[in-house]
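Q: Sequence:
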Amino acid sequence: MKKITLLSVLMVALLLAGCGGGQGSAQNAGVGRVALLVTDAPSDQFDQINVTVTGIELIGGRGRVNVYADPSGVGKTFDLLALSSNSDLFSFAGGVPSGVYSKIRLEVKNIDLVGHDSMGNITTVHPKLPSGKIDLVPHGRFEVVPDQTMYVQLDFDARKAIHIVQAGNSNQYIFRPVIFVDVLGVNYPGRLVHVSGTVGVIDDQARTFTLCNDDYVLRHAEINGVLSRDGHDAYGDHCVTVQAADTAVFFTTAGAVSGFAGLVIGNPVVAIGRFAHAAQASVDNAVLDARVIELGPRSAFPRLKGHVSAINSSDGTVDITLSWMREYHPDVMPMMLPAPPTLAAGITVHVTLDAQTPIFSYTGTPLVLADLQIGQPVKVEGVLDTMTTPAGLKATILQVNTDALIAELSGALNTLNPLQFQLTLDTTGGSTQCVKYDPSTTGLFTVRINGGLSFQPLAYSELLSGMTLNVYGQMDTVDGCFAARHILVTAP
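Residues in the sequence shown are numbered consecutively from 611, following the numbering used here.
Keep in mind that the hints were calculated from the coordinates and are not lab data. Accuracy of the hints is not assured; some may be wrong.
[Stated by the list, open to error] No more than 25 Å apart at the CA atoms, straight line, and that leaves these computed lysine to any residue pairs for SDA-like:
#, residue 1, residue 2
1, LYS713, GLY742
2, LYS743, LYS1046
3, LYS743, GLN815
4, LYS743, ASN720
5, LYS743, THR808
6, LYS743, GLY685
7, LYS1046, GLN966
8, LYS713, THR1100
9, LYS686, LEU746
[Unchecked claim] Derived DEER-like restraints, expressed as beta-carbon distance ranges:
#, residue 1, residue 2, range
10, THR734, ASP680, 21 to 27 Å
11, SER1075, THR927, 53 to 59 Å
12, GLN986, SER868, 28 to 34 Å
13, ALA866, LEU979, 52 to 58 Å
14, GLU1072, VAL867, 32 to 38 Å
15, PRO1067, VAL1088, 26 to 32 Å
16, THR734, GLN983, 31 to 37 Å
17, THR1100, VAL978, 40 to 46 Å
18, GLU1072, THR1038, 18 to 24 Å
19, ASP813, SER924, 18 to 24 Å
Note that CB positions come from ideal geometry on N, CA and C, so glycine has one too.
Please construct the entire structure, taking both the sequences and the accompanying hints into account.
A: So this is what it looks like as C-alpha cells:
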C-alpha cells in the first residue's frame, strides 16, 4: 500500500455569539450567529486541493443545528492551498440556539487533487471520502453563551498530515484528513482573517465601519430540519464591524498608503485582521480588529506564493521566486487561478515593502524585515505590475512560513511508560523508536473510517500494545527521542 502525505491545512472557525440576554439559562436561552472561516497550510505535492462542502452542522442537546447548507446541493468549493497563511470568511448563520454542543459534522461532496506529472501535464485525483461525512469531537464540550462570542477552530493540519491511501493498483484513494478542534481566545487568537465585501456604515469618530457581503450568509440556522426564525435578518445585513485602529494600514488599488478617509459607502474593501475574542454584548455584528485594509475588490490585490531569493534591507525590497499556480484568487474566494505566462513558476518578482507594510508569520506573529531568510517560503499580497522586468509588486502584507518541519512516524505501539510520559514504537521502517509526549499538550486522537470519518480525543490510558499509531512532531537530537505533538490511533 502506498501513502502520500499532503502538507495542507483547512481551518473552519465557528463564531458563536449568544444574543438572548437573560431569558433563562445558558443551556436553552437565546440564539446566536455562526461565522465560518477557512484556512490552509502549504503543500509542495499538489497544486490544488479543491474541496466542495455542502453542509456543516453542530450537534448537541438541542439537536442538530445546520450552520451552513446549500439547498441546491452544489455547495461551496475552495482550494485549500490558496488559503495558506490566513483564514477567509466562509459563511454567516443566524438563529443558532445557545447551549452545549458536542460534535461538528461536515458534509463533503467532492475532493479534487490537482498536480503535475514529470512531463508537466496536469493530473487530477478524485479521492474517496467514506459516506461523505466527517464527524469531529473536541476535547470536552463547547458552549454558546448569551452575549459572549466563541470561536471553534477545525484544523485540517497537513503538517500533521492528510493521508491518502492507494488501495493496491486500483488507483482508488481514500481521503482521511487529520483534523484538530481548538477553542480560540485571547491566548490563542488563530490566524489572520480576510473579510471582503462592500462598505456599509462609517463611524469616523470610533474609526469603525461595517463590511457587508450577502454571499457569506445563511440567513437562518436550521434546527433538526426546521428553520429557527422567519423574516428580517437581525444581524446587521450580513455585516462585520471592522475596527480600524491607528495601527491599521490602508492601501489603494495603486499600492499607495491611504487612510480612513479613503473609505466610501458602497465601495468594495478587503479587511485583514483578527476577530475580537472579548464579549460583545452591545454589538450585533462580529468585530474584526484590522491590521490591513485594501481599498478595492479582492481581484485588485492578488496573492503570490514562492520563496525568498534576495533581501535588500537598504531599500526595503525582497525578491521572490514564484511557485506555480498560486498567483491569483477571484473575488468569490474559492480558488486561486493559474499564473499568467509572465508569472510562471521560477520567475522572480521584485516586491516593494512600504515602511508601513506589515510582515507576519503564517500563524500571525508580527515580524520585521530582518527576520526574513533566503529560501523561506512566503506569501505576499498587493498590487501587481507585470510590465516591468522583473515583474513588480507593491506589497500590502507579507507572510512568512517560519514553522519548523513537522516529521511523521508510523508503526505499532510496543511499550507505554505513563510515569515518564514515553512510549516505544515499532516503526514501519523496521526500527524501534522512543517517543516522548506531554499529556497536557500532546493531542491523542482516534480516527475511524467505517461508516464515515470520525475524529475524536482518546485517553492515554486507552492505548494498547499493537495499536497502529501515526505520530507527528520533531526529533530531539539531544536524547534521540521523538517529541510528539499529536498522536493518531487508527481504529477499525
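Q: With reference to the structure, classify each hint as holding or not holding.
A: Do the hints match the structure? See the list:
1. LYS713 x GLY742: 16 Å, holds
2. LYS743 x LYS1046: 33 Å, violated
3. LYS743 x GLN815: Roughly 47 Å between the alpha carbons, so the hint for LYS743 and GLN815 is violated.
4. LYS743 x ASN720: 11 Å, holds
5. LYS743 x THR808: Violated, at roughly 34 Å.
6. LYS743 x GLY685: The hint holds at about 14 Å.
7. LYS1046 x GLN966: 43 Å, violated
8. LYS713 x THR1100: Holds, at roughly 19 Å.
9. LYS686 x LEU746: Holds, at roughly 20 Å.
10. THR734 x ASP680: 21 to 27 Å: 23 Å, holds
11. SER1075 x THR927: 53 to 59 Å: Given a distance of about 57 Å, which is inside 53 to 59 Å, the answer is holds.
12. GLN986 x SER868: 28 to 34 Å: Cβ of GLN986 to Cβ of SER868: about 29 Å, so the range 28 to 34 Å holds.
13. ALA866 x LEU979: 52 to 58 Å: Since the Cβ atoms of ALA866 and LEU979 sit about 20 Å apart, the hinted range of 52 to 58 Å is violated.
14. GLU1072 x VAL867: 32 to 38 Å: With Cβ atoms ~56 Å apart, the hint is violated.
15. PRO1067 x VAL1088: 26 to 32 Å: Hint holds: Cβ distance 30 Å, inside 26 to 32 Å.
16. THR734 x GLN983: 31 to 37 Å: Check passed, 35 Å falls within 31 to 37 Å.
17. THR1100 x VAL978: 40 to 46 Å: Distance hint for THR1100, VAL978 holds at roughly 43 Å.
18. GLU1072 x THR1038: 18 to 24 Å: 22 Å, holds
19. ASP813 x SER924: 18 to 24 Å: About 41 Å separates the Cβ atoms of ASP813 and SER924, which means 18 to 24 Å is violated.
When each numbered hint is compared with the structure, violations occur for hints 2, 3, 5, 7, 13, 14 and 19.
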